[in-house]
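Based on the hints, put chains S, C and Y in the right spot on chain U.
For the protein sequence lines, the chains are U, S, C and Y, in the order given. Using my numbering, the final residue of the first sequence is 126, and nothing's skipped along the way. Using my numbering, the final residue of the second sequence is 126, and nothing's skipped along the way. Using my numbering, the final residue of the third sequence is 126, and nothing's skipped along the way. Using my numbering, the final residue of the fourth sequence is 126, and nothing's skipped along the way.
Please note that a few of the clues may not be correct.
[Unchecked claim] Simulated pairs of lysine-lysine, BS3-like, Cα-Cα distance not exceeding 25 Å:
| no. | chain 1 | residue 1 | chain 2 | residue 2 |
| --- | --- | --- | --- | --- |
| 1 | S | K105 | S | K77 |
| 2 | Y | K70 | U | K19 |
| 3 | C | K77 | C | K117 |
| 4 | C | K19 | S | K105 |
| 5 | Y | K27 | Y | K8 |
| 6 | U | K117 | S | K8 |
| 7 | Y | K70 | U | K27 |
Don't read these hints as lab results, they were simulated from the structure.
Protein chains: 4
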Amino acid sequence: MEHNILVKWMKLGSISVPKMLMEHYTKIGLTETELVALLHVQAFIEQGDHFPTPELLSVRMTKNPDDCAKMLGSLCKRGYLSLEKDWDEQGIMYEDYSLEPLWIKLFQIIKKQEMEKEVEIEAEEE
Amino acid sequence: MEHNILVKWMKLGSISVPKMLMEHYTKIGLTETELVALLHVQAFIEQGDHFPTPELLSVRMTKNPDDCAKMLGSLCKRGYLSLEKDWDEQGIMYEDYSLEPLWIKLFQIIKKQEMEKEVEIEAEEE
Amino acid sequence: MEHNILVKWMKLGSISVPKMLMEHYTKIGLTETELVALLHVQAFIEQGDHFPTPELLSVRMTKNPDDCAKMLGSLCKRGYLSLEKDWDEQGIMYEDYSLEPLWIKLFQIIKKQEMEKEVEIEAEEE
Amino acid sequence: MEHNILVKWMKLGSISVPKMLMEHYTKIGLTETELVALLHVQAFIEQGDHFPTPELLSVRMTKNPDDCAKMLGSLCKRGYLSLEKDWDEQGIMYEDYSLEPLWIKLFQIIKKQEMEKEVEIEAEEE
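Isolated chain U (complex conformation):
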C-alpha cells in the first residue's frame, strides 16, 4: 500500500502555473476563484478534455453547477477564455476552450509595465 499513493500521485501529474500569472492575476482583473477555475480548465485541456462542463468543474470547486456556468460565461465575455468551434472527421461540430486570451492579456500588461519602466529610466537620465 505504502508506495501506491505516491505512484498514483506521480501518474496524475502536476500543472505548471507561471509565476507571472500568480503575480499579476489581480492586475488583469481576476479573483482567486476565477483564477482557480481557469487552472481547472487548463488541467482538463492538458488531459485532452477541451470542453469541461460546469458540472465537472463544480465537482472540484466550492461552487454549484449554475455558478460554474455563470463564471465560465463571464470569463469568456470579459476576455480570459475563448470558445473555438471546430469540426471532427465525421463533420460533427465541437467546441474547445482556449486560454489564449488569458496569455495575451498577461503579455500585454507586462509589456505595458516594461514600456513604463523604460520611460521612467529615460526621464531619469535627462
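For chains S, C and Y alone, kept in the frame of chain U given last:
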C-alpha cells in the same frame, strides 16, 4: 523588446501544482481563495522567502493585509500550514512557514479513499 | 506576430520533473540520455499518446530510431518502464507505457536512505 | 514513516520544463547530457544557488567534475548559458549563471519556423 518578455517569463519560472491537490482541495476543506493563498506561500518558500508577510500576500491577492493575516492564522489553526521556529547562526530566532500539514492532510484523504475502494472490491468479490 | 510565440509556448505547456528524480537518477542507475527518454515518454503520455514509437522519440532526440528502440527495450528490461496490455471497447488489444516502475524504484531508494539515516541517529544517541 | 517520503518529495518540489524545450533542444544543437546539465543549473538557480560548481553538478550526473567543468565552459562559449558578474552590498564580486541565452536561442528558432510557415502559406495561396 520582443523576446524580452518571454525571457522575463522564463526566468521568473513556474510553480508545480499537483493535480491531486487540484482535485481534492475542497474535500479537505479549503476554499479557492485559501488554495491560492497556499500556492502563494509555496511560491515564496521556493524563492527562499520562508515567511511572507500578510502585506506581501495582500499585494498579490484581492484581500487587504488584515484579511490576509486572518486567513494565514486560520490556515495554521485548522492544520493546513505550520509555523516552525528556528535559530540562525547568530542565534537569532526566525519563523518559517511549512506546507507539510497540507501534504499530510491530502495524503490521508487519498489513503482513506484507497482503503474504502479495497473494501468495496472485497465486498463485491464475496 | 509578437505575442504569438509566447501564446504557442504557453499552449504547449510544461512537464513537471520532481527534484527527487533530478537528484537521484544516477543512484537508481540511469544515464542522462535515458532520463531524457523517460521524460519524453512522460510528455507523450500526458498528451494522451500512451505508446510513443521509437520513430517519434527519435525525432526529438539525438538518437536514430534503432537506438531509441533498443533504449526503450533496455529501460523496460531493467525495470524503469513497463508495457501494459489493455483492450479497447472494440476488443482490440493495445499497449501503454507506464512510468510506475520508475517511481517505485525512486521511492525505494529514498526509503532506504531514510532508514539508514535513522540507524545512524540511533547509533549516535547510544 | 509512511507519509514522510511523500512530504519530503513535495517539499523538495519540481522543476517545470517547457515542452518547447523538450521538442527543440536537438534543433538548437544540444545533446541530452547538455540538456540535463542545463536543467540542473536551472534547479540550483531556483533554489537560490546561482553558481553551482562542477563538483556539485558532478554529484548529480554521470560525469566527473572535470567533464562537468568542460561542459559548463562549452555551454557558455556556444551560447546556451551566460555568466553575469555582480557585486554584493559589501562590494564583493560574485558570478551568477543565467539561462537567458538558452531562452533567446529557443525563441529565435521558433520565430524562424513561424516565418517559414507563413511564407509557405503565402506561396500556396498564390
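Each hint, compared with the structure:
no.: 1; hint: S:K105 / S:K77; in the structure: holds, 14 Å
no.: 2; hint: Y:K70 / U:K19; in the structure: violated, 33 Å
no.: 3; hint: C:K77 / C:K117; in the structure: violated, 31 Å
no.: 4; hint: C:K19 / S:K105; in the structure: holds, 22 Å
no.: 5; hint: Y:K27 / Y:K8; in the structure: violated, 36 Å
no.: 6; hint: U:K117 / S:K8; in the structure: holds, 14 Å
no.: 7; hint: Y:K70 / U:K27; in the structure: violated, 45 Å
Checked against the numbered hints given earlier, this structure breaks hints 2, 3, 5, 7; the rest are met.
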